[in-house]
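> Sequence:
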Amino acid sequence: MSDTDLGTFDAVQLEDAYRNKSASPLEATRAALARIARFNEAVNAYVYVDEEGAEAAAQASTERWKKGAPLSPLDGIPISMKDLAEVAGMPARGGSLTTSKALCEHDCPPARMLREAGAVILGKTNTPEFGWKAVTDNRVFGATRNPWNTELTPGGSSGGAAAAAALNMGVLHQGGDSGGSIRIPAAFTGTFGFKPTYGWTPQWPPATEATLSHLGPITRSVTDAARMLNVIGRYDYRDPYAVRGQPEDWGEDLGRDLRGLRIAYSPTLGYAEVDEEIAASVREAANRLEALGAEVEEIDPGFESPLGIFQKLWFTASRDFWSQCSEADRERLDPGLVANAEHASDWSALDLFQALAKRAEFTQSLERFNQRYHLLMTPSVPISPFAVNHEVPPNSGMRDWEEWAPFSYPFNLSQQPAASVPCGFTRAGLPIGFQLAGGKHDDVRVLRACDAYMRAHPPRYPDAPQSA
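With the numbering used here, the residue at position 287 of the sequence shown is 287, and numbering never jumps.
Derived by calculation from the structure, the hints in this document are not laboratory data. The model shown is predicted, which means the values in this text are computed figures rather than measured ones. The reader is advised that the hints may include incorrect statements.
Said to hold, decoys possible - Derived lysine to any residue pairs resembling SDA-like cross-links, with alpha carbons at most 25 Å apart:
hint: 1; residue 1: 358; residue 2: 371
hint: 2; residue 1: 67; residue 2: 16
hint: 3; residue 1: 101; residue 2: 324
hint: 4; residue 1: 440; residue 2: 252
hint: 5; residue 1: 440; residue 2: 360
hint: 6; residue 1: 440; residue 2: 298
hint: 7; residue 1: 440; residue 2: 308
hint: 8; residue 1: 440; residue 2: 359
hint: 9; residue 1: 101; residue 2: 37
hint: 10; residue 1: 440; residue 2: 371
hint: 11; residue 1: 440; residue 2: 302
hint: 12; residue 1: 66; residue 2: 27
hint: 13; residue 1: 21; residue 2: 8
hint: 14; residue 1: 358; residue 2: 441
hint: 15; residue 1: 358; residue 2: 304
hint: 16; residue 1: 358; residue 2: 320
hint: 17; residue 1: 440; residue 2: 143
hint: 18; residue 1: 440; residue 2: 365
hint: 19; residue 1: 440; residue 2: 267
hint: 20; residue 1: 358; residue 2: 319
hint: 21; residue 1: 101; residue 2: 143
hint: 22; residue 1: 440; residue 2: 364
hint: 23; residue 1: 21; residue 2: 63
hint: 24; residue 1: 358; residue 2: 345
hint: 25; residue 1: 101; residue 2: 142
hint: 26; residue 1: 440; residue 2: 276
hint: 27; residue 1: 358; residue 2: 238
hint: 28; residue 1: 358; residue 2: 444
hint: 29; residue 1: 67; residue 2: 52
hint: 30; residue 1: 67; residue 2: 22
hint: 31; residue 1: 358; residue 2: 442
hint: 32; residue 1: 67; residue 2: 53
hint: 33; residue 1: 66; residue 2: 116
hint: 34; residue 1: 67; residue 2: 115
hint: 35; residue 1: 21; residue 2: 56
hint: 36; residue 1: 21; residue 2: 59
hint: 37; residue 1: 358; residue 2: 346
hint: 38; residue 1: 440; residue 2: 299
Work out the full structure, taking the sequences as your base and the hints as a guide.
Okay, here's the thing in structure tokens:
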């Protein structure tokens with residue numbers, strides 16, 4: 001078996017190979033590192049690679065498999081962590097000139113859990129400064145590029161993780177999602193991204209706006225995502241927002257058909273504008289879900305755009321962060337992040353309090369909607385990937401990323417589970433994704449539907465980064 005072949009394996013295939021001794025974790029890790037060496041210069045997905053640490057962890061895993069005593073099904077599986085996460089022995093720059101190259105002394109909860117499960121941490125993936133926008137570029141490491149066209153953005157803020165997943169530079173990739181930061185790059189790169197119910201995947205230190213932030217996987221399959229969630233989707237006391245009640249097996253319903261599942265298909269949520277190619281592809285995906293046995297009804301959930309609510313929280317969080325920076329650090333910040341902070345300068349505590357009340361009403365309306373329908377289906381993103389190093393599509397007249405991502409942040413406000421599923425390509429060869437969202441704590445059902453679709457309509461991935 002060549003390194004190239006082994007580098008295309010998913011977590012299920014690698015576990016089988018380890019178990020039947022046709023390959024070892026050390027060989028798989030070296031194959032993943034070789035793919036990083038081949039592809040990363042073109043896409044800039046990884047900003048830190050720990051070859052020595054990865055090989056040592058893989059060697060230890062290889063010895064465990066030889067003894068027939070793996071720590072978990074993820075023992076020896078190569079993974080990446082987003083550069084907002086703290087991983088012992090690695091820096092956490094967060095894409096910011098205000099941070100240092102100092103190595104972290106402690107693991108954040110998902111890093112600790114994955115390490116205890118025997119997973120091999122390859123390194124850190126790129127993010128915009130502190131994850132503030134839905135594209136991936138920063139003043140420290142530059143821009144991450146889309147593997148399908150390296151002149152375009154992969155989205156963000158987990159753009160590095162999504163680009164790495166599309167090229168299988170590692171098998172499992174940790175992302176974070178405060179307004180779409182897992183689902184948007186998954187859609188732009190043709191990968192699977194899942195944002196779990198809030199509080200089910202613990203994090204520490206907290207995100208800038210902790211009540212919007214969800215940690216989750218970006219992978220090539222739902223099965224791999226469920227395996228990762230079986231490790232990181234566990235309670236951790238360090239996260240003050242963490243809750244219990246996670247599924248014992250996040251993948252317990254994978255492989256089930258969709259009979260009896262009621263899906264509300266909303267092409268626009270009643271207010272969004274969607275590119276015609278994307279709208280047609282997502283509509284076809286809705287028909288395919290119906291053919292798989294689901295009951296699909298086209299209907300809007302009946303709420304107005306919650307953009308104002310989201311921006312009150314998002315910009316206020318930027319203002320809070322900015323207020324704690326020194327004058328020197330303020331000069332080092334991304335100008336867009338500073339602009340967000342300035343936008344919130346005239347808001348009062350009453351403005352924020354009222355936004356929180358509206359958020360509660362909005363969440364209640366979605367949860368009520370989910371009493372009639374198990375899942376809500378929309379496009380993941382209404383546009384195709386655009387030019388790299390831009391926050392919004394050039395010449396679009398837009399100011400903020402939220403304007404071109406109207407399907408994402410509503411489900412951060414509601415804290416419900418939501419996923420992006422690849423469902424085709426534009427005529428220009430760029431990926432398209434649809435979103436499935438469920439009621440709180442209905443993650444297993446969301447994963448079941450995503451899995452059924454992807455098994456019936458397997459996605460394809462680039463063999464190497466593609467230029468324009």
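> So which of those numbered hints doesn't the model satisfy?
Of the numbered hints given earlier, those the structure breaks are 17, 26, 27 and 28, listed in rising order.
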